[in-house]
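We have chain P already, so just place chain H on it with the hints.
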Amino acid sequence: MTDIQERPPQADPAAAQASAAGTPPGVVTGHHTAQIKKRRRKEALIAHLFLAPWFVGLIAITSIPLLASLYLSFTDYHLIRDWGWVGFDNYRVMFTEDPRFIKALTNTSIYVLVSVPLQLTFALALALVLDRGVRGLSIYRSVYYLPSLLGSSVAIAILWRKVFGADGLFNGFLGLFGYEGTSWVGDPSTALGTLVVLNVWTFGSPMVIFLAGLRQIPPSYYEAASIDGAGTMRQFFSITLPLLTPIIFFNLVLQLIGAFQSFTQAYVVSGGNGSPADSTLFYTMYVYQKGFNSFEMGYASAMAWVLVLIIAVLTAVNFLMSKYWVFYSDK
Amino acid sequence: MTTHTKRLTRRVLPALAVVGAMTLTACGGGDSGGGEDGDITLRVAWWGSDHRQRITEEAIATFEEQNEGIKIQPEYSTFDSYYDQLTTQVASNDAPDVFAIEIRRFGELARGGVMADLGDKVDTGDLNEDLLESGTIDGTQYGIPTGANAFAVMANTKVFEDAGLELPDDTTWTWEEYLELSAELSDVSDSGIYGTQISNNDAWLRVYAAQRGEEFYTDGQLGITEETVTDWFQYQLDQIEQGASPDGPRSVEIGSNVETSLIATNSGGMGMWWTNQLGTLSSGSGENVELLRMPSAGNGGSGGMFLQPTMFWAVSGNSAQQDAAAKLIDFLVNDPEAGAIQGSDRGLPMNSSVLDAVRDELPEEDQKSLAFLEDISDETDTPPTALPSGAGEIPNLLTRYSEEVYFGRMTPAEAAAQFVSEANGTLS
Numbered sequence: 001m002t003d004i005q006e007r008p009p010q011a012d013p014a015a016a017q018a019s020a021a022g023t024p025p026g027v028v029t030g031h032h033t034a035q036i037k038k039r040r041r042k043e044a045l046i047a048h049l050f051l052a053p054w055f056v057g058l059i060a061i062t063s064i065p066l067l068a069s070l071y072l073s074f075t076d077y078h079l080i081r082d083w084g085w086v087g088f089d090n091y092r093v094m095f096t097e098d099p100r101f102i103k104a105l106t107n108t109s110i111y112v113l114v115s116v117p118l119q120l121t122f123a124l125a126l127a128l129v130l131d132r133g134v135r136g137l138s139i140y141r142s143v144y145y146l147p148s149l150l151g152s153s154v155a156i157a158i159l160w161r162k163v164f165g166a167d168g169l170f171n172g173f174l175g176l177f178g179y180e181g182t183s184w185v186g187d188p189s190t191a192l193g194t195l196v197v198l199n200v201w202t203f204g205s206p207m208v209i210f211l212a213g214l215r216q217i218p219p220s221y222y223e224a225a226s227i228d229g230a231g232t233m234r235q236f237f238s239i240t241l242p243l244l245t246p247i248i249f250f251n252l253v254l255q256l257i258g259a260f261q262s263f264t265q266a267y268v269v270s271g272g273n274g275s276p277a278d279s280t281l282f283y284t285m286y287v288y289q290k291g292f293n294s295f296e297m298g299y300a301s302a303m304a305w306v307l308v309l310i311i312a313v314l315t316a317v318n319f320l321m322s323k324y325w326v327f328y329s330d331k
Numbered sequence: 001m002t003t004h005t006k007r008l009t010r011r012v013l014p015a016l017a018v019v020g021a022m023t024l025t026a027c028g029g030g031d032s033g034g035g036e037d038g039d040i041t042l043r044v045a046w047w048g049s050d051h052r053q054r055i056t057e058e059a060i061a062t063f064e065e066q067n068e069g070i071k072i073q074p075e076y077s078t079f080d081s082y083y084d085q086l087t088t089q090v091a092s093n094d095a096p097d098v099f100a101i102e103i104r105r106f107g108e109l110a111r112g113g114v115m116a117d118l119g120d121k122v123d124t125g126d127l128n129e130d131l132l133e134s135g136t137i138d139g140t141q142y143g144i145p146t147g148a149n150a151f152a153v154m155a156n157t158k159v160f161e162d163a164g165l166e167l168p169d170d171t172t173w174t175w176e177e178y179l180e181l182s183a184e185l186s187d188v189s190d191s192g193i194y195g196t197q198i199s200n201n202d203a204w205l206r207v208y209a210a211q212r213g214e215e216f217y218t219d220g221q222l223g224i225t226e227e228t229v230t231d232w233f234q235y236q237l238d239q240i241e242q243g244a245s246p247d248g249p250r251s252v253e254i255g256s257n258v259e260t261s262l263i264a265t266n267s268g269g270m271g272m273w274w275t276n277q278l279g280t281l282s283s284g285s286g287e288n289v290e291l292l293r294m295p296s297a298g299n300g301g302s303g304g305m306f307l308q309p310t311m312f313w314a315v316s317g318n319s320a321q322q323d324a325a326a327k328l329i330d331f332l333v334n335d336p337e338a339g340a341i342q343g344s345d346r347g348l349p350m351n352s353s354v355l356d357a358v359r360d361e362l363p364e365e366d367q368k369s370l371a372f373l374e375d376i377s378d379e380t381d382t383p384p385t386a387l388p389s390g391a392g393e394i395p396n397l398l399t400r401y402s403e404e405v406y407f408g409r410m411t412p413a414e415a416a417a418q419f420v421s422e423a424n425g426t427l428s
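As they're listed, the protein sequences go chains P and H.
To convert, note that position 112 of the first sequence is 112 in our numbering; the numbers rise steadily by one, no gaps.
To convert, note that position 404 of the second sequence is 404 in our numbering; the numbers rise steadily by one, no gaps.
Pulled out of the complex, with its shape left as it was, chain P reads as follows:
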């Protein structure tokens, strides 16, 4: 590794890779080559050995069930009753005869479209504040990051139910202003909102990534800009934001995928049935209900694959769009 530090930074990525892999460039004799080859083979073997558990896991616990579920999605596989091949029936029923599917899709879309932008905005705003060199930064960072660790846990979801319950903290707070609220988690017009707030509250993990991104912007840019007379706002929109777009993009993709798959919060807050009146019926929860309450695993598999498609398309669109707004400074 020391040879990397001794040499000037390399522009050629291939050479950098070669040196990282442990092959010092330089004079190579025949004797050396054989030895190096042998060592490389040994290293590759060790690498594969270390990777093996992961590969076994990938194949046995991910790939095989994944393919099995693709097959099952074309059957009416039921845990107890007889079942058989039904072709595209599950997919057809989903979009034409199942109002709850549409409801679940709508709920989830609202949840994603509202909570992800809000969450990222909060994360960025806080990252900017913290990046200004607040005293005790590491403490703040940890405090704000904490919800991200806890957010999808059952304990927090139970806490949430209490906070937004009829006799909860939130109503206690509103009571100070003379407003008497009822149960926010029990009302179909507000229950989804409490889940959005819960997701926004877990802005810590994108925030930490934003912070890291902000640290990578060379201070000299700002110095130059301020000498040229650019104000704080101008600096933010002309330097910070453009240079941060790759990070924003990364966070956006990650959070979108995560939000589409959220399950635990809605499951716990609604008591597992999407109550009240299906207003918190998330996509994944409906998959779960179909699979484990109605035992209709074939239908549930089909729903799971539709979700995979939705997320894949969304991510692809995201990547295509990124050409127009994401700026990579090294290109």
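What the hints contain is simulated information worked out from the structure, not anything from laboratory work.
Careful: at least some of the hints might be erroneous.
Unchecked claim - Calculated lysine to aspartate or glutamate pairs in the EDC-like style (CA-CA distance at most 20 Å, straight line): (1) P:Lys162 to H:Glu259; (2) P:Lys103 to H:Asp247; (3) P:Lys162 to H:Asp323.
Claimed, not checked - Rough simulated footprint, nothing fancy, chain P against chain H, three-plus residues with beta-carbon under 8 Å: (4) 83 to 92; (5) 220 to 227; (6) 266 to 275; (7) 397 to 405.
What the hints assert, rightly or not - Chain P is nowhere near these chain H residues, computed Cβ spacing over 12 Å in every case: (8) Thr62; (9) Glu75; (10) Glu108; (11) Trp173.
Predicted, not measured: the structure shown is a model, and the values here were computed from it.
Ideal Cβ placement from N, Cα and C applies to all residues, glycine included.
Here is chain H on its own, set in the frame of chain P:
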């Protein structure tokens, strides 16, 4: 990069295939339970509270002492995850030898050919015949009831006392009177205390329908008319609108959990619960909770109340040790010692000789339930027979459509119409 991938495909994949195959055979092989030294291991699954876990394990330990060579391996879980686990095990031919199951899921699994015939394996001589009948499908005894339960009104006497109201005469009261009394209780009590708590339990609808001469299920479909369901939804709405119960959002939040119910938290006068929940309600409130008959339709017809097996014990049809499994069930329902250990946790014992043996040792609440069940025994309808497949979903449907009604998103009539059609689509 491509050469690397090729090498990986050539060398690693076959190796992985071997490992994968080994993993799969390991999964498929399973352990059949029979040890080499002649010992039998029985896997027994149930759900429930810590209390139930303790007493069941105590009963099991007694069984193991009496039956050398049989080892029991308990697989308990919470109710929420119980059926996920059980049905997955059933689907992968890995069901526990003995498992507990409710009447709502019993029919579906028994018809699926999952359970063994226990007719001549368990001594049913001393068991209540009507209840036994509900563990049969086409005359085959797939399930042995663990005990008996009735769905009834419970009243928190402290709330009544504080309000200065008398407990009603439950032999004559009607649904109208129940509503009026609940509204009055809410009125005169402090704020935050309500007359009753909304219930959308299917057992209540069963009673409500029976009072109009309708059966819940007939021929694998709903037997209740849309009109009855409409009135039932309307009745729930009336409770909310007349202040007899908390408003819609609060009612949804309170849900159907016993521990956090209005009676258990001394914030409600009445509610409808199963008799084996009396203990939890009483200990939660710390006050005296009385059992009352369900109100009647006032038409002089059936009171509609019924005894129901709290749950069944069943044996997996795939079990290699069905005789030993049946022996365990026989012990749990027929042995006085087992009866004394278990009390009424899985319903009141329905073996007459066990009951006589443990009667005086039962806790106060159980004795109260027992007296109540004996009191109403000549008024009750026959227990429900095994329910159609898909019946396990009906309670969820009722809750969902009830909520649509509470929030004015559907009229009771609309909700009833949609409930009936969706329910019939689910049942088979």
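Tested hints:
Among the hinted pairs, lysine 162 of chain P with glutamate 259 of chain H is consistent with the structure: their alpha-carbon atoms are about 15 Å apart, no more than 20 Å. Proposed proximity of lysine 103 of chain P and aspartate 247 of chain H is contradicted: the alpha carbons are some 25 Å apart, above 20 Å. The hinted pair formed by lysine 162 of chain P and aspartate 323 of chain H fails the criterion: a straight-line CA distance of about 49 Å is larger than 20 Å. Interface restraint, the segment 83 to 92 of chain H with chain P: holds (6 residues with C-beta to C-beta distance below 8 Å; minimum three).
Counting residues of the segment 220 to 227 of chain H whose C-beta lies closer than 8 Å to any C-beta of chain P gives 0; at least three are required, and the coverage claim is violated. Here the segment 266 to 275 of chain H counts 0 residues with a CB under 8 Å from a CB of chain P, which misses the bar of 3, and the coverage is violated. Check on the segment 397 to 405 of chain H: 4 of its residues sit with their Cβ under 8 Å from a Cβ of chain P, so the three-residue criterion for coverage holds. Its beta-carbon lying about 33 Å from the closest one in chain P, threonine 62 of chain H satisfies the requirement of being farther than 12 Å from that chain.
Remark: the non-interface label on glutamate 75 of chain H is consistent with the geometry, its nearest Cβ contact in chain P lying 17 Å away (cut-off 12 Å). A beta-carbon of chain P is positioned within 12 Å of the beta-carbon of glutamate 108 of chain H; the least distance is around 6 Å. Residue-level check passed: tryptophan 173 of chain H sits 29 Å from the nearest beta carbon of chain P, beyond 12 Å.
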